[in-house]
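Got chain A; can you put chain B on it based on the hints?
Chain by chain, the residues run as shown.
There are 2 protein chains.
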Amino acid sequence: MRLSLLKWKSLKEIPKDETAEGTILLIRAGFIEKVGAGIYDYLPFGLMVLNKISEIIREEMKKIGGQEILMPSLHPLSYWEKTGRDKDFDALFKLKSRFKNQYALGPTHEEIVVPLAKRYISSYKDLPLYLFQIQTKFRDEPRPKAGILRAKEFLMKDLYSFHQDEKDLANYYEKVKKTYLKIFKNLKINVILTEASGGTFSKFSHEFQVPSKNGEDLILYCPKCHFSRNKEIASNLTKCPNCGSNLEKIKSIEVANIFQLKNKYSRPFNLIYKDKNGKEKEVLMGCYGIGISRILGTLAEIYHDDKGLIWPEIVSPYKYHLIFIQSSDSRINEKIKKSAEKIYNFLLKNNKEVVYDDRQISTGEKFMDADLIGAPYRIVVSEKTLKQNSLEIKKRNSKSLTLLKLDKCAKLVS
Amino acid sequence: MRLSLLKWKSLKEIPKDETAEGTILLIRAGFIEKVGAGIYDYLPFGLMVLNKISEIIREEMKKIGGQEILMPSLHPLSYWEKTGRDKDFDALFKLKSRFKNQYALGPTHEEIVVPLAKRYISSYKDLPLYLFQIQTKFRDEPRPKAGILRAKEFLMKDLYSFHQDEKDLANYYEKVKKTYLKIFKNLKINVILTEASGGTFSKFSHEFQVPSKNGEDLILYCPKCHFSRNKEIASNLTKCPNCGSNLEKIKSIEVANIFQLKNKYSRPFNLIYKDKNGKEKEVLMGCYGIGISRILGTLAEIYHDDKGLIWPEIVSPYKYHLIFIQSSDSRINEKIKKSAEKIYNFLLKNNKEVVYDDRQISTGEKFMDADLIGAPYRIVVSEKTLKQNSLEIKKRNSKSLTLLKLDKCAKLVS
Numbered sequence: 001m002r003l004s005l006l007k008w009k010s011l012k013e014i015p016k017d018e019t020a021e022g023t024i025l026l027i028r029a030g031f032i033e034k035v036g037a038g039i040y041d042y043l044p045f046g047l048m049v050l051n052k053i054s055e056i057i058r059e060e061m062k063k064i065g066g067q068e069i070l071m072p073s074l075h076p077l078s079y080w081e082k083t084g085r086d087k088d089f090d091a092l093f094k095l096k097s098r099f100k101n102q103y104a105l106g107p108t109h110e111e112i113v114v115p116l117a118k119r120y121i122s123s124y125k126d127l128p129l130y131l132f133q134i135q136t137k138f139r140d141e142p143r144p145k146a147g148i149l150r151a152k153e154f155l156m157k158d159l160y161s162f163h164q165d166e167k168d169l170a171n172y173y174e175k176v177k178k179t180y181l182k183i184f185k186n187l188k189i190n191v192i193l194t195e196a197s198g199g200t201f202s203k204f205s206h207e208f209q210v211p212s213k214n215g216e217d218l219i220l221y222c223p224k225c226h227f228s229r230n231k232e233i234a235s236n237l238t239k240c241p242n243c244g245s246n247l248e249k250i251k252s253i254e255v256a257n258i259f260q261l262k263n264k265y266s267r268p269f270n271l272i273y274k275d276k277n278g279k280e281k282e283v284l285m286g287c288y289g290i291g292i293s294r295i296l297g298t299l300a301e302i303y304h305d306d307k308g309l310i311w312p313e314i315v316s317p318y319k320y321h322l323i324f325i326q327s328s329d330s331r332i333n334e335k336i337k338k339s340a341e342k343i344y345n346f347l348l349k350n351n352k353e354v355v356y357d358d359r360q361i362s363t364g365e366k367f368m369d370a371d372l373i374g375a376p377y378r379i380v381v382s383e384k385t386l387k388q389n390s391l392e393i394k395k396r397n398s399k400s401l402t403l404l405k406l407d408k409c410a411k412l413v414s
Numbered sequence: 001m002r003l004s005l006l007k008w009k010s011l012k013e014i015p016k017d018e019t020a021e022g023t024i025l026l027i028r029a030g031f032i033e034k035v036g037a038g039i040y041d042y043l044p045f046g047l048m049v050l051n052k053i054s055e056i057i058r059e060e061m062k063k064i065g066g067q068e069i070l071m072p073s074l075h076p077l078s079y080w081e082k083t084g085r086d087k088d089f090d091a092l093f094k095l096k097s098r099f100k101n102q103y104a105l106g107p108t109h110e111e112i113v114v115p116l117a118k119r120y121i122s123s124y125k126d127l128p129l130y131l132f133q134i135q136t137k138f139r140d141e142p143r144p145k146a147g148i149l150r151a152k153e154f155l156m157k158d159l160y161s162f163h164q165d166e167k168d169l170a171n172y173y174e175k176v177k178k179t180y181l182k183i184f185k186n187l188k189i190n191v192i193l194t195e196a197s198g199g200t201f202s203k204f205s206h207e208f209q210v211p212s213k214n215g216e217d218l219i220l221y222c223p224k225c226h227f228s229r230n231k232e233i234a235s236n237l238t239k240c241p242n243c244g245s246n247l248e249k250i251k252s253i254e255v256a257n258i259f260q261l262k263n264k265y266s267r268p269f270n271l272i273y274k275d276k277n278g279k280e281k282e283v284l285m286g287c288y289g290i291g292i293s294r295i296l297g298t299l300a301e302i303y304h305d306d307k308g309l310i311w312p313e314i315v316s317p318y319k320y321h322l323i324f325i326q327s328s329d330s331r332i333n334e335k336i337k338k339s340a341e342k343i344y345n346f347l348l349k350n351n352k353e354v355v356y357d358d359r360q361i362s363t364g365e366k367f368m369d370a371d372l373i374g375a376p377y378r379i380v381v382s383e384k385t386l387k388q389n390s391l392e393i394k395k396r397n398s399k400s401l402t403l404l405k406l407d408k409c410a411k412l413v414s
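The listed protein sequences correspond, in order, to chains A and B. For the first sequence, counting from 1, position 115 maps to 115 in the numbering used here; every step adds exactly one. For the second sequence, counting from 1, position 381 maps to 381 in the numbering used here; every step adds exactly one.
Careful: at least some of the hints might be erroneous.
The list makes no distinction among identical chains, and a pair is therefore deemed to hold if it is satisfied within one copy or across any two copies.
Derived pair list, reagent style DSBU-like, types lysine-lysine, alpha-carbon separation capped at 35 Å [stated by the list, open to error]:
| # | residue 1 | residue 2 |
| --- | --- | --- |
| 1 | K274 | K87 |
| 2 | K34 | K274 |
| 3 | K175 | K349 |
| 4 | K251 | K231 |
| 5 | K274 | K342 |
| 6 | K276 | K307 |
| 7 | K264 | K100 |
| 8 | K52 | K342 |
| 9 | K118 | K96 |
| 10 | K12 | K337 |
| 11 | K276 | K16 |
| 12 | K395 | K335 |
| 13 | K349 | K185 |
| 14 | K274 | K16 |
| 15 | K145 | K178 |
Since the hints were derived computationally from the structure, they do not count as laboratory data.
The following block holds chain A by itself, in its conformation from the complex (with noise of 0.2 Å):
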């Protein structure tokens, strides 16, 4: 993509009342917009990320059964109060309509996709059922100051699992916690298993924690056996359970949870199966969910230093950034420009991702912008690489520049 097609523009000034690192370069570099507190636009290059980022997921999701459905964020307020949820759900957005129905914003899905799950199971033969989205989720949150980490309009990947019995819930719940280290590896995020509370949900709970200065949860880690713990239920506890080691307090972000959620939410609406001898049992659940946009975030924070952003690749916008340096020969810059054009759309026609900045802009800012957008590789062409009949390509993350002969140049596309 060119940025002159795009009106790209990064921000020099940093946007106020934002606080956390990752969510401040984010509006700087044109990922995200800020529209109220909690509450953010997606422009083109944070929309490619956040559809890169569900796009592993769910992959992943259907290689473990997951059936992707859509649910809304229009709730009936009746559901929750079949759960008691209406009243015990502190950041639950709740609205009537001029008509006089009430409804509530989805915070979460259970109130809807149980009374969905009817529709589907009546037998034995019907379980296990996995149910996934990847949607918008409402919370009023109190603390808007972590920036996309915690807004108040969101996107989720909400998986429910419906069972016959304890035992294949606990399969399943493994099943998803490898699947969930294995989604956190691809996406380049070091997450730490932590046992949890669960909140107003279980108490069989573990959630995905990374460690980062501005993230909202406090979990105690033991550094020799990996134990973790939220400080939530954790009391005064000092040395690790397993093995005696001291515990250290981490600052981090939660980006995913997992649940076994049993009959909490199948008995309140009589989620039942009749099994091979007729007789009537509950279903038991388990959910499982992905902070999509707060991986955004959280990539932001993990990966950024006093430039910008530093993408890995999986999840990157784009893979080059391509710049070209004018010179001040009129005939020279003609022959900079052509070559850049010509690699660019070599770099198209191979299925590259590549931003071209050929915006008429002073090189300075162009190498700015460059590291701030945060691509993986930066290609430059200039008088000096022209001739030596090369183009330059400089890593984000490293300061060496390699030269690449042009003749060369199907190396950027294997």
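Using the frame of chain A, we list chain B on its own:
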């Protein structure tokens, strides 16, 4: 996909409170599920159709310069107060946070996209600008009886264009009009381009109307010269103002609309640019909507018979619906199943979308469900077809059966 894995079930009974035939069939065939009045879940088949419609529209938007973004649903009410639509927009959902902030749930996004455009636009060099999104909208509709044709929560593509002058706006308006006609042609939907008032929007507006007895709009249409005007603004018109023919009154579904907003929203937000001479001028705008979930409903309305849905191939969740007919002879039965599995795997390997009814149910039910789901081609493997080394193919919208030799199966994937 195997129907056994999907735990897919058709519903025999007609859902109560639903009167639109398309919506009823979509529920019976497991494409959507009703959550409450005007609120639906999209199940795997329904989501697949929505995604296919979205992708067709997305590609066309990019071809006319559209940049994809994602704006929030939660709008600070102050933005709506600026345009006066906090009072004027009847179907606006409003809500309060527990921290006393006031919000609207976005029924359309002028109030959000204009402040966003200020981030991009300061000079004539920043124009034109085209921003679009595919996003969930909320409207507190009074008549949720039209099923997903008029839901309270629905999926929409909205494009906003920003221009220097009326000529540039008018040119782009024509470009979008042509693109929309192309999109509906691709989707196999015959639309009538209809003059419209634009309601709260603008005078320069067209609607794309689809004749249907379950439509909630009324248009005055000239069958001779194709003039069409929405009844709302046609007062007592009976003769075509173009050719003098008698106008027909037709019930129809509005699937899209386009508006020349001009300065209606740029003015309250003071969205200006500096022209070549440094003079400040108002940015002029257009907006262009397509109802994606409404198209799903419209396709179900116009493409069905008394047995079920009949999907145009381009949006059908699956191209092929594969069935085997069991034989009473268990050895022959094994051969039939093996053959069906082989064809299923062959189609999958060649990236063909196929739904395979491998359930242990009666042949009659399998045939009924194939007609209900409505994939364009039904493939049957049975004792009879195997005796002829063939499989049987039937188009959903035709009565004739064709036998295809098993060694000619490559035809199915060419």
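Original post:
Out of the numbered hints, which ones does the structure contradict?
Top reply: none
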